[in-house]
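First to last, the sequence lines map onto chains C and V.
Residue numbering for the first sequence follows the working numbering, beginning at 56 and increasing consecutively.
Residue numbering for the second sequence follows the working numbering, beginning at 283 and increasing consecutively.
Where hints are given, some of them may not hold.
Claimed, not checked - Just a sample of chain C residues kept apart from chain V, beta carbon distances all over 12 Å, derived: (1) G93; (2) V145; (3) P230; (4) A242; (5) K273; (6) R305; (7) V360; (8) Y476; (9) A477; (10) F482; (11) S516.
Unchecked claim - Below, a sample of chain V positions facing chain C; criterion: calculated Cβ distance under 8 Å: (12) A337; (13) C357; (14) G359; (15) G480; (16) F497; (17) A498; (18) L513; (19) L515; (20) F530; (21) T533; (22) R535.
Don't read these hints as lab results, they were simulated from the structure.
Source: prediction; values computed, not measured.
Positions of the beta carbon are idealized from the N, C-alpha and C atoms, including for glycine.
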Amino acid sequence: MRAVHKNTLYWMAVTFILFPVLILVGLFMRAVQADQLGGAQAWFYPMMTLHGVGMVGVWFVAAMACASDILERYCDPSAAVGRFALAGTVLGVLLLLACVFLGRFAAGWYFLYPLPLKGEWPAWSAVTFLLSITVLGATWLVWCLDLLRAIAKKYSLSRALAWHYLAGRGEPELPPSVLIITVSLIAAVAALLAGVIVLVLFYVELLSGATSDTLLMKNLTFFFGHTLVNLAMYLGVAALYEALPEYAGRPWKTNRIVAISWNAVLLIVLFAYFHHLYMDFVQPGAFQYIGQVASYFSAIPAAVVTIFGALLLVYHARMRWNIASLLFFIGLAGWAIGGVGAVIDSTISVNVALHNTLWVPAHFHTYMVAGLAFLVIGYFYHRCQEVARVPENAGAQAFTTALLVIGAYGFFAMFYLAGAYAVPRRFALYPLELNHGAGYSLAALVFASLFLAGFLLYLVSIWTRWFKAMGARA
Amino acid sequence: MPGAGALAFAATLALGAGAFCAESVAGESVERLEQRLRERAIPDIPLRLADGRTAAISTLGQQRPLLVTLFYTRCSGVCTPFLLWVRDALNEAGGLGTDYDVLALSFDDADSVRDLQAQAAALGLANEPGWTLAVAERDAVARIAGALDFWYRADPATGQFDHSALLVAVDQGRVVRALLDSTTGNRRLREMTWELRGRFIPFYRTADGGALRCFAFDARSGEVSFDWGMLLLAAPALAALALVAVLFGVTSRHRAA
Chain C
56 MRAVHKNTLY
66 WMAVTFILFP
76 VLILVGLFMR
86 AVQADQLGGA
96 QAWFYPMMTL
106 HGVGMVGVWF
116 VAAMACASDI
126 LERYCDPSAA
136 VGRFALAGTV
146 LGVLLLLACV
156 FLGRFAAGWY
166 FLYPLPLKGE
176 WPAWSAVTFL
186 LSITVLGATW
196 LVWCLDLLRA
206 IAKKYSLSRA
216 LAWHYLAGRG
226 EPELPPSVLI
236 ITVSLIAAVA
246 ALLAGVIVLV
256 LFYVELLSGA
266 TSDTLLMKNL
276 TFFFGHTLVN
286 LAMYLGVAAL
296 YEALPEYAGR
306 PWKTNRIVAI
316 SWNAVLLIVL
326 FAYFHHLYMD
336 FVQPGAFQYI
346 GQVASYFSAI
356 PAAVVTIFGA
366 LLLVYHARMR
376 WNIASLLFFI
386 GLAGWAIGGV
396 GAVIDSTISV
406 NVALHNTLWV
416 PAHFHTYMVA
426 GLAFLVIGYF
436 YHRCQEVARV
446 PENAGAQAFT
456 TALLVIGAYG
466 FFAMFYLAGA
476 YAVPRRFALY
486 PLELNHGAGY
496 SLAALVFASL
506 FLAGFLLYLV
516 SIWTRWFKAM
526 GARA
Chain V
283 MPGAGALAFA
293 ATLALGAGAF
303 CAESVAGESV
313 ERLEQRLRER
323 AIPDIPLRLA
333 DGRTAAISTL
343 GQQRPLLVTL
353 FYTRCSGVCT
363 PFLLWVRDAL
373 NEAGGLGTDY
383 DVLALSFDDA
393 DSVRDLQAQA
403 AALGLANEPG
413 WTLAVAERDA
423 VARIAGALDF
433 WYRADPATGQ
443 FDHSALLVAV
453 DQGRVVRALL
463 DSTTGNRRLR
473 EMTWELRGRF
483 IPFYRTADGG
493 ALRCFAFDAR
503 SGEVSFDWGM
513 LLLAAPALAA
523 LALVAVLFGV
533 TSRHRAA
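In isolation and in its complexed conformation, chain V is listed as follows (with noise of 0.2 Å):
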């Protein structure tokens, strides 16, 4: 009966509508997450930094766009490898200390000067040109971590933190992007040192993004290059030629018959 299965149809994506409704507001990716952040203000707290002096963070990024990472010295998971990784990709990115510095917060205010010399030294970051390795007191990381919905908490049993991992890029006090638990999107972080050094990005991953895009942007180039979407614009005109060759050829094979 097929004005009982059109109903059907109907019914299930009415159903489907309200379902979609209600996913939209329920379950966040990381994308929305990290998108959350943008123009966030960050809090102008004081620094102690790794040579010893004090400074405020709008004093480091003053002179140019600021990458801000969290971490802390004594950790046994991802802060290590995290700062490898942007310490690798940003050398891979280039522009590192001419368009653009690190600022390395460790949210442990156990965490003294010396530590943060011997963490810079063991990640060869000691005499790297523009990075820049600090902690500051208890509340002011409270502060900087609330303004980027960082979340660390610790844990007596280990005397570890558990913790995300963010890196937030930050020019005249703002967030303009932000990578959240990555450390395998070298695109995106490449994506970011772009626009921080003012390139125009036309294309990036966004919150419930598509998966067929209709074109993709290398951020190591700076090439536009088609995506599997564009497949689907060029269907429906390859399809009605072959539909239309089709239909002439089987009709034309009737005529001669």
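So that you can see chain C by itself, here it is in the shape it has in the complex (with noise of 0.2 Å):
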């Protein structure tokens, strides 16, 4: 039995704060869209902007989290740089909590150029977010640098990226989720240093007035932000790939197959993000087929390869069903579900009738929530149950579960069906002709309460696994 480290249960008590904090958020805006709140539409940017960045951020955070309790078990990251990512996180929320409450800061998670600096907000509620954005990519891209490091330490770049697989041979071997978190880490570190471009060009245009391309500002963005959450998804993958083994019983080794999809991510990833530009005619053609390519490439090969590795690891295996080996099977196909939605999106002839239509935040919620929190949650709770071996109760596993699946896809039901019928995504309140937008918020609502409650309902049945993984550290 591994012990989980300090940091690692840390991280999942901040996601076990947030998480639920930010679902408010977003049950909040559903409940303006439904028009049941009368008088707090002002609200409704700020927290978009709120739920937007929290969630991303809690989810790439709790997503490295995982990463660095896998790479405990083959390398040694570093346990400062781990407590100095969860500082420097902290200090990048409260930052952002500040902007959004106090200052009304409501320019969306995009942040997209020049709208910082030119909405009703006050002016340092914007600098504010930039700070914020700031202390979280610069602790980030540490985190990920000393995550590499640790990798580095025992493994050459050659034999991470299991090039030796590719050339035919099986020998040392290399465990699958090393190889995909180092995929995802160097594009993390890539997606990051977009990201400091941006700040930097911002910072510039605060202190000297001069302004910047609005193409090149979008096209770094979304390097950015596009390929972060493509990250933190595949860092979730590889939470699968290292725990459903033993559930399972069997080993999932690397192969050449495997070795060549992943490496297949690291090149194509990141030109994936071109697919947020479709609607910037400027942006030239070629480029737009790139994205759309690419769109395909990041995420096919990765995902079939996974997909049919795990159905058959589970295929007639002795399968052990708790709540952890069932998420990660419904995570799995969350992941396939979203990005099928993320693919049809990414087709420029579909990208035309969907484009910022509520399908958008449909397909992402779905890879986010049901395939990302899905496959993290269930990591956190294999690991913290592995530690406290507390008897488990499979009726109300079962029962948790059912009602996080059956809220999940019913807000996201209400997603694409609106997406489908051309109701736009960032409206706070819907015009006469778009009023059927209000009924289906209206019925996300009552989804994704059921959701709160599952997730309320995981929290009590992790309690007490989390405390006792705490004690046996002590």
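Take each chain as given, in its own frame, and dock them per the hints.
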């Protein structure tokens, strides 16, 4: 039994506190859209900003915590850097809360240039927001580099990227989770550096008035944001590769196909974000086609190989089903379903119709919540239970999982349906001709509440295990 | 003391933000002045043309879009070089007389038809297709100058006018583009003619536009090319690869040791 590092347990606590709070913020938004909170719509966009940045941040750090925990099994990430990442993230979150609640900063999680500098919020709140992103980005960059350093201490770059498998050699063995984490961290460093450039250009404008090219800023912003979200998902998949074999009682090894698919991700994932610029007619056509092709090929090989791998792992295995293995399996399905929604939206001819409709939050909620979040909370439960070994109540766990799944897919369905019926995203209140959007919001509110109830039940079930895991460290 | 340093940095940024807000309303660039003219309606004033006819601006712009510039024949300053530049640049850009015409309007009501003819001959424009030189009554000129924010003032000491140099592209009675105080912007003049000829211009300089752009548009060839900003777009990926290579390289040496 491998003890859970204190940092990982703290990351779990951060996730367990912030996630329900951010769900409540999401519920608030849907309630406003359902016209149930008259007079509160002035807070819609600040809350949208908090919900967006918060959720992306929470699930990125939660996935990074999983990656760090996995790497502790194979190499030696720095505990001090882990603590630094935790402190930096807390500071960044506090700055974010200040700019949103005190300054009503409301530029959305894209903070698309030049909006942060042009809104009706006070200048200090825009500065605080940029400082928040700076603190978070810089902290995570250091964290990523430290995890890469830990990998480098044990593996050469070619081995960490499984190139010896590409050359037909199966030795030395490389855990697939290490391959996926290496690929994800390299791309994450690129994404975070893009974020650094965006922030520097913002600061230059703040200090000197020198403006930036809007197309360049949009490219850099999505390079940063899209890629980071994409990689958080992959880090969650690494947790699946690491933990699911323990429930199936079979190993899940790296092979040539796995190596090819994840190296393809590294090659292609940095170009996928171009699909966010389809409507930017000044972006040359070649880039738009690259965006579509890269969207397909950064998702499909890795997803297909992983799904087939997982199905083969589970098929005819003596699976030990509990809430962790259920969440892994359902999380994999969520990745696939959300991924298909994303690939549909990244198809240029379809995007013309679906762009900026609720289809977009539909697909990213699917893979972020029913994909990444399920994988991560499954892994958190798996690690706590591995140490705590508290007897499990199969019925209660099945009920909790059912609530999570019904709640999640219920509110995703409302997004998908509304998107298919052309309801635009980011509308606080719907005009008369889009009144059907309010109905979908109301139904989504009910389903999201079910999901929140499911998550609270999950918290109840993990609570004692988390404390025992914390106690086991003392 | 890092806390104090961070506070000072934040305060500087906040001051910078304040300065930014103030700067955005003060001081106007040429591009902003030009953009302000877009969509302005051109008053349909009566003109006396160099060939002796009279016509309204709307009649001249009936068949094709118009490039309109203001000058006066006695000018010892920018007018002649500006008209020569327009002539040469349009010859290079092509399409004059087939896709658009030029109206050079004198804003000096002392100019006669004979003066216009002499000016056209001096500039080699007398038989150039697409060129029309004209003069209008003082009030009419004032209306068109007002509509285009064209500034001119008589200087009694010299008998000359102080004035700016302006070229506007007019289509269906409205300004689609303007070029102010420029005799060197061949590229921008070509873009203007492209727009009048109905061609799509994906990139052009805007007011307050950033220096580092991803792409540039060559109005001569119509091609889009990478600009310096593209380096910034490629930099994160290249820097990440370099950083990772160094990290693994350095660490592997330690591992080997």
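Outcome of the hint check:
{"no.": "1", "hint": "G93", "in the structure": "33 Å, holds"}
{"no.": "2", "hint": "V145", "in the structure": "15 Å, holds"}
{"no.": "3", "hint": "P230", "in the structure": "18 Å, holds"}
{"no.": "4", "hint": "A242", "in the structure": "8 Å, violated"}
{"no.": "5", "hint": "K273", "in the structure": "9 Å, violated"}
{"no.": "6", "hint": "R305", "in the structure": "32 Å, holds"}
{"no.": "7", "hint": "V360", "in the structure": "23 Å, holds"}
{"no.": "8", "hint": "Y476", "in the structure": "33 Å, holds"}
{"no.": "9", "hint": "A477", "in the structure": "28 Å, holds"}
{"no.": "10", "hint": "F482", "in the structure": "28 Å, holds"}
{"no.": "11", "hint": "S516", "in the structure": "40 Å, holds"}
{"no.": "12", "hint": "A337", "in the structure": "38 Å, violated"}
{"no.": "13", "hint": "C357", "in the structure": "36 Å, violated"}
{"no.": "14", "hint": "G359", "in the structure": "33 Å, violated"}
{"no.": "15", "hint": "G480", "in the structure": "16 Å, violated"}
{"no.": "16", "hint": "F497", "in the structure": "6 Å, holds"}
{"no.": "17", "hint": "A498", "in the structure": "11 Å, violated"}
{"no.": "18", "hint": "L513", "in the structure": "10 Å, violated"}
{"no.": "19", "hint": "L515", "in the structure": "5 Å, holds"}
{"no.": "20", "hint": "F530", "in the structure": "4 Å, holds"}
{"no.": "21", "hint": "T533", "in the structure": "4 Å, holds"}
{"no.": "22", "hint": "R535", "in the structure": "10 Å, violated"}
Checked against the numbered hints above, the structure violates hints 4, 5, 12, 13, 14, 15, 17, 18 and 22; every other hint is satisfied.
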